[in-house]
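Given next are the chains, with one letter for each unit.
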Amino acid sequence: MTTAAKTGTELNLIAHLLRRTGFGATWDELQECAALGYDGTIDRLFNPGEPEHMPSDIIRRYHPDQSITQIAPSSGSVWMYRMTTTKTPFEEKIALFWHRIFATGQTKLIQGKVMLTQIEMFRQFGLGSFRDLLVQLSQNPAMILWLDNQDNHKDNINENYGREILELFAMGVGNYSEEDIKECSRAFTGWTIANMPYMSIRMRNNTLRPYGYVAWQYRFDPDDHDEGEKTFLGETGNFNGDDIIDIICKNEATPRFIARHLYHHFIADELPVPQWPFEGPKDPEAIQLMVDAYFANDYNIGAMLRAVFESDMFKSEATQYARVKAPVELVVGTLRLAGGFDWPTQDIFKATAACSYMGQALLAPVSVEGWMGGEDWISTGSMVQRINFASDAMGDLTKKGIKAIIDRVSERHPVGEVAPMALVDDCLELLGALQVEPDTRKGLFTYARAQGEINPRTNEGARKIASVLQLIVSTREYQLI
Amino acid sequence: MATEAGARLGLKYLDTNGFGAAQGGRGYYLPVDIAVRSDGRIYVLSRGDAIQGGNGVKVTDIEHTWYEVFSGRGTDPGQFISATAIAFDANDRLFMADEILNRITIFDPDHNYVAQWGAEGSGPGEFDGPSGIAFDTDGNLLVVDDKNQRAQRYTPEGEYLSSFGSGGSGDGEFNYPWGITVAPDGVIYVADWRNDRIQRFTHQGEFIDSQGGSGDGEGQFNRPSNVAVDNDGNIFVADWGNQCVQAFDNDWNFQTSIRGAGELSVWAAEYIDANADEKAARASFNPYPELDVVDPHEVSSRTEPYFWDPVSVAMYDDSRLLVLETGRHRFQIYEKV
Chain Z
1 MTTAAKTGTE LNLIAHLLRR TGFGATWDEL QECAALGYDG TIDRLFNPGE PEHMPSDIIR
61 RYHPDQSITQ IAPSSGSVWM YRMTTTKTPF EEKIALFWHR IFATGQTKLI QGKVMLTQIE
121 MFRQFGLGSF RDLLVQLSQN PAMILWLDNQ DNHKDNINEN YGREILELFA MGVGNYSEED
181 IKECSRAFTG WTIANMPYMS IRMRNNTLRP YGYVAWQYRF DPDDHDEGEK TFLGETGNFN
241 GDDIIDIICK NEATPRFIAR HLYHHFIADE LPVPQWPFEG PKDPEAIQLM VDAYFANDYN
301 IGAMLRAVFE SDMFKSEATQ YARVKAPVEL VVGTLRLAGG FDWPTQDIFK ATAACSYMGQ
361 ALLAPVSVEG WMGGEDWIST GSMVQRINFA SDAMGDLTKK GIKAIIDRVS ERHPVGEVAP
421 MALVDDCLEL LGALQVEPDT RKGLFTYARA QGEINPRTNE GARKIASVLQ LIVSTREYQL
481 I
Chain B
1 MATEAGARLG LKYLDTNGFG AAQGGRGYYL PVDIAVRSDG RIYVLSRGDA IQGGNGVKVT
61 DIEHTWYEVF SGRGTDPGQF ISATAIAFDA NDRLFMADEI LNRITIFDPD HNYVAQWGAE
121 GSGPGEFDGP SGIAFDTDGN LLVVDDKNQR AQRYTPEGEY LSSFGSGGSG DGEFNYPWGI
181 TVAPDGVIYV ADWRNDRIQR FTHQGEFIDS QGGSGDGEGQ FNRPSNVAVD NDGNIFVADW
241 GNQCVQAFDN DWNFQTSIRG AGELSVWAAE YIDANADEKA ARASFNPYPE LDVVDPHEVS
301 SRTEPYFWDP VSVAMYDDSR LLVLETGRHR FQIYEKV
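Each protein sequence line maps, in turn, to chains Z and B.
Mind the numbering: the first sequence is residues 1 to 481 in the numbering used here, read in order.
Mind the numbering: the second sequence is residues 1 to 337 in the numbering used here, read in order.
Keep in mind the hints are simulated off the structure, nothing from the lab.
Accuracy of the hints is not assured; some may be wrong.
[Unchecked claim] The list that follows gives simulated cross-link-like pairs (lysine-lysine, DSSO-like), each with its CA atoms no further than 27 Å apart: (1) B:Lys147 to Z:Lys87; (2) B:Lys279 to Z:Lys154; (3) Z:Lys350 to Z:Lys400; (4) Z:Lys403 to B:Lys147; (5) B:Lys279 to Z:Lys400; (6) Z:Lys400 to Z:Lys87; (7) B:Lys147 to Z:Lys350; (8) Z:Lys108 to Z:Lys403; (9) Z:Lys399 to Z:Lys87; (10) B:Lys279 to Z:Lys108; (11) Z:Lys350 to Z:Lys399; (12) Z:Lys250 to Z:Lys182; (13) Z:Lys403 to Z:Lys350; (14) B:Lys12 to Z:Lys399; (15) Z:Lys154 to Z:Lys182.
[As the list claims (entries may be wrong)] For each label pair, taking beta carbons as the anchor points, the in silico distance ranges come out as: (16) B:Asp216 to Z:Gly49: 24 to 30 Å; (17) B:Asn140 to Z:Asp43: 48 to 54 Å; (18) B:Val337 to Z:Asp243: 49 to 55 Å; (19) B:Leu14 to Z:Pro48: 46 to 52 Å; (20) Z:Arg463 to B:Asp89: 46 to 52 Å; (21) Z:Phe278 to B:Asp216: 54 to 60 Å.
All values reported here derive from a predicted model rather than from experimental measurement.
Ideal Cβ placement from N, Cα and C applies to all residues, glycine included.
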């Protein structure tokens, strides 16, 4: 790939890191991280300080629907505000990661409040101990009702959650038996929510009546818990759910399974999950690196990722631009570059809807297996949506991020016009040190040259610069991360 | 009602009016303001959301009679996009503010559209998010101009008269003010939302005093949204962020705080009676489950009787207080004791 002019290797690596751990970066954000260096930027990712984003009271006042989040567009938009305005996007990237693995959806659960509570739990526990995360997940009301654990009784088990925690959430097919599923399910009996069955019936009836949804509260019901002896993955005892999670977490299949998911989300597109039992990982060394970090750091997810980000494998050219951007990454990344979400606006619904049109409805994954990702994101229809959305945002000269880019170009060329190639390189750099193939760069140059004189200090010049930005976000490379 | 010297004013729960009506019909959906007409009819501004219906101005009374709905979502005259507040003039005409359309709409007593006025901007006579309205004792309309950090005064026909306030946290300054109320004695109360206080002004708009400060203790507020004042000067504050209503005497001495005690309204009970499976399940419903959260918004989301986003308060024949909740699509009725 051709590197945009005036960008050093470390800056490109930082840009790569910020695309993977966030949603890309503006030029100012890149410069801030450049001052810290690559390693310093990693340190800040894991020690970000207090979160800073659009305050919830502001959102709730101007969007009352986003206070109670009865409908999916409202709850999705709450998260969209958070992602587009946060100063700590790594938190959101982690929440997105777990949302894809531990996929629950408002389609069944009906109310968004419990979904957003689950997302907040992912922010809090998503980079910590996997054991703590699994305990939280198993006590999370959205997950309990998503997988029917409220119907998992000591004298009549429902193995839905017991099966999925092993198959989809922690270990993967082939690492446990059908008997393990039953024993696991017995251990999670009594893990329910307050006010069953009223809450369950209201969900089933899909009704907000009489007074809107009542958000669910986890409750352990000792009277409905199976206190009998259980044998799980070769160990025998009077296990409760916590004990089962302990056994799961110390099994080597667990970090191997999670590491492959992390690889898919943070390193490069992997095979779809259903193929994993039959085909090994793309990069076994990368998986082993994470497995070792997992056991050396008390099952810590953050340690697994830190090992990745510090590795030569992650920094290699082969890893850069090796993933197709998920719709949320594309939409949020574009909006963070363009700016304009500093205050509540009805446009937030359009941004949330755009993700849906591209195939990733927030808080409504397509199935219990989440989204497959990778090339699944790309179809004729979704490409049109992706390009139109990004191009519209870049062409809006009222957006402060676009104005800032044009002002920066003007500062760099204080007198007269900007040469076409210099403009292309400036725009690539100001869009987050974006790198493109030589043919793409040549095409961009041809387009810029065809615009004739471009003086960034004129309205016409600004419009032409915006059109170059629009073309850049329509390239193949902008679809990658 | 006058209280005996030394006795604290209390608020006793009486009743609940409401029903979640996102699809329209009897009930409310995301209501944001409430006003009582001279004949006792109660008007609820049901804002709704951008996707579903169920919005409009809904008319009921203290006995749960359902009258009708008028207005609704749209940009045509008489419609709204993001309505924020309603108020009656002395002739029972209803005035409605819209913070996105930046206009005031007027309806006659039969709910027919009469006129609209307002323009977006920051100059005199322009709005950037009208969020609260109230008539002063001269019959002119006070409009809280939220994002311009001020209150403006207009004739009912929309002729600009004056304004007071500017951005800041000093006396007479605002930080995204919300509701406004004119007390029977003509004193103006403004919910200075992000300064976590209530400010009082003379009829002319001169600063008198303020009460509040950030917190959840007695006399502290978390984003107060509106105020009601009775004939004795007692003050009732919708403490939106703390999910409660606080009451004070006219010298700001704390009287009581209520968190909500909503029960099934007549309309809600009819619904439950008509749905056997929900009725049977509700028989074992504990409305106050043990919770593992303390944030008031979270607590309210999990506790049906509590106020959830208590956005507006209004007096009813001076003896009762109506507390409107956006999150639960209802208003609770309290008696002064």
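Outcome of the hint check:
For the hint pairing Lys147 (chain B) with Lys87 (chain Z), the CA-to-CA distance comes to about 24 Å; that is within 27 Å, so the pair holds. About 26 Å separates the Cα atoms of Lys279 (chain B) and Lys154 (chain Z), which keeps this hinted pair within 27 Å; it holds. With a C-alpha separation of about 18 Å, the suggested pair Lys350 (chain Z) and Lys400 (chain Z) falls inside the 27 Å cut-off, and the hint holds. As the CA atoms of Lys403 (chain Z) and Lys147 (chain B) are separated by approximately 23 Å, the hinted pair is consistent with the 27 Å bound.
Our distance criterion of 27 Å between C-alpha atoms is broken by Lys279 (chain B) and Lys400 (chain Z), whose separation comes to about 54 Å. Among the hinted pairs, Lys400 (chain Z) with Lys87 (chain Z) is consistent with the structure: their alpha-carbon atoms are about 17 Å apart, no more than 27 Å. Distance hint between Lys147 (chain B) and Lys350 (chain Z) is fulfilled; the C-alpha atoms sit about 23 Å from each other, no more than 27 Å. Among the hinted pairs, Lys108 (chain Z) with Lys403 (chain Z) is inconsistent with the structure: their alpha-carbon atoms are about 43 Å apart, more than 27 Å.
Distance restraint check for Lys399 (chain Z) and Lys87 (chain Z): the Cα-Cα separation of roughly 19 Å lies within the 27 Å cut-off, and the hinted pair is therefore satisfied. For the hint linking Lys279 (chain B) to Lys108 (chain Z), the alpha-carbon distance of about 22 Å falls within 27 Å, and the restraint holds. With a CA separation close to 16 Å, the supplied pair Lys350 (chain Z) and Lys399 (chain Z) stays within the 27 Å bound. Taking the CA atoms of Lys250 (chain Z) and Lys182 (chain Z), the gap is near 20 Å; set against the 27 Å cutoff, the hint holds.
Proximity of Lys403 (chain Z) to Lys350 (chain Z) is assessed by CA-CA distance (about 22 Å); at most 27 Å being required, the pair is judged to hold. For the hint pairing Lys12 (chain B) with Lys399 (chain Z), the CA-to-CA distance comes to about 52 Å; that exceeds 27 Å, so the pair is violated. Distance restraint check for Lys154 (chain Z) and Lys182 (chain Z): the Cα-Cα separation of roughly 11 Å lies within the 27 Å cut-off, and the hinted pair is therefore satisfied. Checking the proposed 24 to 30 Å range against Asp216 (chain B) and Gly49 (chain Z) shows it holds: the Cβ atoms sit about 25 Å from each other.
Checked against the hint of 48 to 54 Å, the pair Asn140 (chain B) and Asp43 (chain Z) fails, with Cβ atoms roughly 60 Å apart. Distance hint check: the CB atoms of Val337 (chain B) and Asp243 (chain Z) are about 54 Å apart, consistent with the given range 49 to 55 Å. A hinted range of 46 to 52 Å holds for the C-beta pair Leu14 (chain B) and Pro48 (chain Z), which are about 49 Å apart. Taking the beta carbon of each, Arg463 (chain Z) and Asp89 (chain B) are about 49 Å apart, inside 46 to 52 Å as hinted.
Range check, Phe278 (chain Z) to Asp216 (chain B): Cβ separation about 57 Å, and the 54 to 60 Å hint holds.
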